[in-house]
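*Asks:* Going down the list, the protein sequences come from chains A and B. Residue 62 in full-length UniProt numbering sits at position 62 of the first sequence, with consecutive numbering throughout. Residue 14 in full-length UniProt numbering sits at position 14 of the second sequence, with consecutive numbering throughout.
Since the hints were made in silico from the structure, they are not lab data. Misleading hints may appear alongside valid ones.
[To be verified] The calculated lysine to any residue pairs, modelled on SDA-like cross-linking and capped at a C-alpha distance of 20 Å, are:
no.	chain 1	residue 1	chain 2	residue 2
1	B	Lys53	A	Pro126
2	B	Lys115	A	Leu82
3	B	Lys115	B	Leu172
4	B	Lys53	A	Ile32
5	B	Lys115	B	Arg143
[What the hints assert, rightly or not] Far from chain B, some chain A residues (derived; all Cβ distances over 10 Å):
no.	residue
6	Ala75
7	Arg97
8	Tyr105
Beta carbons are placed, not taken as given, at the ideal position from N, Cα and C, and that holds for glycine.
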Amino acid sequence: MTDIERIARQFMEAIPHSQALSMSLDRLEGGIAQISMPWDARFVGDPATGVIHGGAVSALMDTASGAAVMCHPEAPASTATLGLRIDYMRPATPGQRITARAECYHVTRSVAFVRVTAVDEDASRPVAAATGTFTFERAKGARA
Amino acid sequence: MSRPQPEPVQVIKQRRDAALGALVGGVPYIGFLGIRFDRRGDELTAVLPFDEKLIGNPLLPALHGGVTAAFLEVTAIIELSWSLMWEEMEKGGPDPAGAGRGGDDGVAPGLRLPKTIDFTVDYLRSGLPRDAYARARVNRSGRRYASVHVEAWQDNRSRLFAQASGHFLMPLRAGSAG
Numbered sequence: 001m002t003d004i005e006r007i008a009r010q011f012m013e014a015i016p017h018s019q020a021l022s023m024s025l026d027r028l029e030g031g032i033a034q035i036s037m038p039w040d041a042r043f044v045g046d047p048a049t050g051v052i053h054g055g056a057v058s059a060l061m062d063t064a065s066g067a068a069v070m071c072h073p074e075a076p077a078s079t080a081t082l083g084l085r086i087d088y089m090r091p092a093t094p095g096q097r098i099t100a101r102a103e104c105y106h107v108t109r110s111v112a113f114v115r116v117t118a119v120d121e122d123a124s125r126p127v128a129a130a131t132g133t134f135t136f137e138r139a140k141g142a143r144a
Numbered sequence: 001m002s003r004p005q006p007e008p009v010q011v012i013k014q015r016r017d018a019a020l021g022a023l024v025g026g027v028p029y030i031g032f033l034g035i036r037f038d039r040r041g042d043e044l045t046a047v048l049p050f051d052e053k054l055i056g057n058p059l060l061p062a063l064h065g066g067v068t069a070a071f072l073e074v075t076a077i078i079e080l081s082w083s084l085m086w087e088e089m090e091k092g093g094p095d096p097a098g099a100g101r102g103g104d105d106g107v108a109p110g111l112r113l114p115k116t117i118d119f120t121v122d123y124l125r126s127g128l129p130r131d132a133y134a135r136a137r138v139n140r141s142g143r144r145y146a147s148v149h150v151e152a153w154q155d156n157r158s159r160l161f162a163q164a165s166g167h168f169l170m171p172l173r174a175g176s177a178g
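For reference, chain B alone in the conformation it holds in the complex (with noise of 0.2 Å):
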């Protein structure tokens, strides 16, 4: 009984840190939020470091509402691509097509995003001006359609600052009529 040598544990970081880095990378407004994501295996966190220029009531002060929702919304749309990047990566080996590996101008080639259909947010407790995070669960894949919730919190996991749901328009995979 032989079954291939597993790969090293280098290249899979690299191809899956290459795939994260392509998808996160080519969206401009999650580099003008600052966001960037953590990743442990298939499992990713959303960071969301502080910065003034977040603020939406000076006085108290707090991060603006419209910060938090973005914050969650971009979560949610990282976290299911990535769920559809994984299984084709999974499912291609070494090298999958196309996935991970940016074009000249930063984008994944091939890589259609998910849009958004709808999106609820509860504010729980104001954003404190400190660094907050976030994680996506994808509650319902389908082909077309998929339904996901977020969590967001600051200091203390169980204390979530904001939550959201949303449905999303899956893009069109390769192959696929119509």
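Next comes chain A alone, as it looks inside the complex (with noise of 0.2 Å):
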């Protein structure tokens, strides 16, 4: 494990939005990182289907957002979400966990672009899908 994964890990795992979600973080790399999350009943957001709600499933994509914009190679200092759009492609089956898969695909002086997919456990079909956009913050006395 490099620095910068070790101290993204380190980031990532001192959330305790993300602890309360229970998340767990499966993979940390090079700007990218996959982070998972049980179902609970205490996430249920239509009480006539037991389905997560959304909000919870955004929660977990923009954590493992900011997770990869932490791992990215440029190594940020830190990091916050601009701007997030969010695509629900169909419901997560209930009792599934889900897991968010994101990349940093591009980074400028000051901004980090981002893809993330979640899937439950049929990983052929999308659960929803998001881009973000996310401020990097380099350094004091980094160079871009």
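Two independent chains are provided; combine them into the complex using the hints.
*Replies:* In structure tokens, the structure reads:
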């Protein structure tokens, strides 16, 4: 594990809301992050179907996206979400784990661009997809 | 010229509060985040009381971007459902069919929530570790699709910390074919 990845992992594991949603970091390297979350009755959005609330899926995708930015090889000091556009393709199957895989595919001096997809245990049919823009805050003194 | 005696104000209030309570109370995730809704007539304001578990960046500290997105999405869905319920309630008079009466499982019978198709969030400034508020506006509410805009703020109504807009698939209404 590189220093960047170690720091990014520590950063992610210290997030109270990620812990509240029982997220676990499955993969983190070179601008790609994979984070997953179990189904939980407390996260249900539609009581008639038991489907997880879109907001919880958004939180998972936002976290994975931020993690992808943090482990980018150009190593930002910090990041924050600027914009997030989410498409919900189908309801996640109740009882199944949801996994988000995010890729930070481009960075400029001050902005990072991310694509992220969320799947349940049937990975062939995505549950949701999003694109996000994030601040890319370079360490003081670092040159772009 | 005679018109029916208006209903006592308490009866109307109780009916509306029960309807809102059944709508909001039926969604576990709203309780998990701790969101509640203040009502003035038909106008709703969502309130997200600050809690440690909502933090996304412990160094600043700041609200989690995902919490902000979820808060806005919850507000949009409840506003849209509420606007549909309100119509039914006002049409139905003192005892609208099903609206507002929680079933044994706490879910209002026959109540179907709109489904999010897409949702776009603008983060305008970082969410501070304090209470947040949001109001949604239904810009278009068709038979099948709706478009809703939401604004969220903390201390000052005019300094939004986030806004969002999204499209929703409307629930099938009772009696509508297909």
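*Asks:* Are there hints from earlier that the structure breaks, and if so, what are their numbers?
*Replies:* Hints 1, 2, 4 contradicted; others consistent.
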